[in-house]
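Quick mapping for you: the protein sequence lines, in order, are chains P and B.
Counting along the first sequence from 1, when you hit position 278 you're at 278 in my numbering, and nothing is skipped either side.
Counting along the second sequence from 1, when you hit position 252 you're at 1252 in my numbering, and nothing is skipped either side.
Simulated from the structure, these hints should not be mistaken for laboratory data.
Be aware that one or more of the hints could be misleading.
Taking lysine-lysine pairs in the DSSO-like style, the calculated list, with each CA pair at most 30 Å apart, reads [claimed, not checked]:
1) B:Lys1147 x B:Lys1103
2) B:Lys1103 x P:Lys34
3) B:Lys1147 x P:Lys34
4) B:Lys1142 x B:Lys1103
5) B:Lys1142 x P:Lys34
These numbers come from a predicted model, not from an experiment.
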Amino acid sequence: MSTPTTGHRPDGEAARGAWLVVMNREIVVRALNKTFLVGLAVSVAIIAALAAFFAWQNSKTDEFTVAVPAGDAVAAAAVATAGVVPEGQGGGAELTAVEVADDAAARTALTDGDADAWLHPADDGDGWVLTGEADPDGTLTRLLTVGIEQQTLASNAEAAGTSVEELTAGGGLTTDRLDGDAVDPQVLFFASFGLALLFFMGALGSGQMIAGSVVEEKQSRLVEIMATAVPLRHLLAGKILGSSVVALAQNVLFAAVGLVALSFTPVASILPALSTSLVWFVLFFAVGFLGLAALYAVAGALASRAEDLQHTTTPMTMAVMGIYFLTFSASGTLATVLSYVPVANVVAMPVRVLSGDAAWWEPIVSLAILAGFTVLALLVGERAYRGALLQTGGRLSWRRALATAA
Amino acid sequence: MTSLTTTATRERAPRADAALEVRGLTRTFGDLVAVDDVSFTAPPGLLTGFVGGNGAGKTTTMRMIMGVLAATRGEVAFGGAPVTRADRREFGYMPEERGLYPKQAVLDQLVYLARLRGIPAATARTEVLDHLDRLGLAGRAKDHVEKLSLGNQQRVQIIAALMGSPRMLVLDEPFSGLDPAAVDGMVDLLAEHTARGVPVLFSSHQLDLVERLCERLVILSGGRVMADGTPAALQETGTVRHRLVTDGDAGWVRGVPGVHAVDVDGPAALLELADDATVQRLLAAALERGGVRELTPVRPTLAQIYREVTA
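Assemble the whole structure, with the sequences as input and the hints as a guide.
Written out as structure tokens, the structure is:
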């Protein structure tokens, strides 16, 4: 039995555990919210679909029919071998040779669409010509250039009493770099776009959620009941942590779906680098969102009715959108600067880590700067939240909220 | 089964005997003095009615008592000492504007609010179900609050205030929007809390209800306390009138010294008499002129007192 003055309620317990009770509610209510769940499912489906499209785009083989002069063994062999590319390298195609009796038949085949191109010896006897109805396809040209070269090389070597293998022995060149795998600039762009989008969706979605939940309690005066039961600080802490957990879990889920989907695509070789970058992103996001959530909570407290939210959350929305557009389009010095500016560094630094352009200490310093911002946002946010929450009657300004909490 | 747990809960509930005292409470909003030097006591175990028109300062005073609004001046004491945050955590409070989470189930949010006050989830659940049962909402525990009628939302709201054996109840217009049967149910519920010594302060503008329920009354007007006491004591202080019915026309009473005729209608008159000597003089004069059918003091109703003190 506890002390008689507090009845069957141990005094300290209520205050200590209150933030946990609030956090649990925030998470459960969000997790059971139909709109949220539908949005989540749609997002996961979009990510998986994008990755699948990317994979299909990379792995699909083009098919070409090539007309060759009847009886021309070199041309037939070139077409037969050109489509075959070494394992792991994309860009192959399936080539089929069709023999044509003469030049006229070949031209007919081209104009009728029976053949995509016509491979034949040049009229002056020097080399080969690939004729199309218009310009022959680029991939086909590339493949046949190599194919015809190899066939010519092979027949010339044979004529010289040797073989291609002997001629090229010891002449192979492979590339290597000290800082790990190279990342295709295009992949880098898509990765930065993806991270910026993850940030945007997580920050905006969960930010709006916390602002909405704050104004819901304020508008209904529930907060007056709660303010007498628990310190407002606990209420805010529970809300920030609850929405952060949801936002983070959502991003981890998206990132995991993305990584798994990408592992089926040809870019699988950069997965280790991408994973490292994603781990940094999750870490940065976790720290940065705590600060953003505190500011969003204030935006909610400054409103008096749900209708005011549009207005009070505008600065936050602008900031988040600005970060989104800036970070995925930035490059060079701007990208380096952004990778140190809170909250833009949540996206910008992991992108630099992925590009291999950041030294090992850079993300750590940047994270420390972000942590500083978050601590500041929490301190100022907590004060403004307390100042604004119990004031009714219209929208409030930051200035008034901070002054009232004094 | 429910009644068994109920008994257990009530036996565990501590007896309270602390009074709530409000001393010189003042609140200004800019130039407007919303609450002006308000002092009164809500004694343990009594229903104290807080009466006043719109803008009289009832809600502002209650918000200051609960600490959701800072007082410009003055203080609130509970059990003889300035009220603390720990005290207030054990106050049951029903704010003026109603609202709960519209899209959360009744049971879930009542348990949530109870847990915020440090009541273990299992205890809270039992207590909520018991209260829902008593207020006729047993079948609605899983319904979202927005699906309930306003009267039922009101009941849910009062349950939120009554959970966890509060040591003080501050209820802003708890009866507004309730039908007479619901009022009686709520009154029974409140009586259980006053029976264990809890002071209950509730505001209302339904004077007949206050007159019927309250053991104590505080009348507020323009931010000031106009009257404070038991209804009987207030009626004593109010102007006592007399009703006189004679055999003939009673118009002559206007000429008797010390008599102020409020209304004369044929043989009947409603009079304000200066003192007891005037009553005797009036009776003698009436008997001289013929038969007296009736001479009775008329106790003022609360509504009359209210109009007098707030005029």
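Verification of the hints:
no.	hint	result
1	B:Lys1147 x B:Lys1103	holds, 9 Å
2	B:Lys1103 x P:Lys34	holds, 12 Å
3	B:Lys1147 x P:Lys34	holds, 18 Å
4	B:Lys1142 x B:Lys1103	holds, 11 Å
5	B:Lys1142 x P:Lys34	holds, 17 Å
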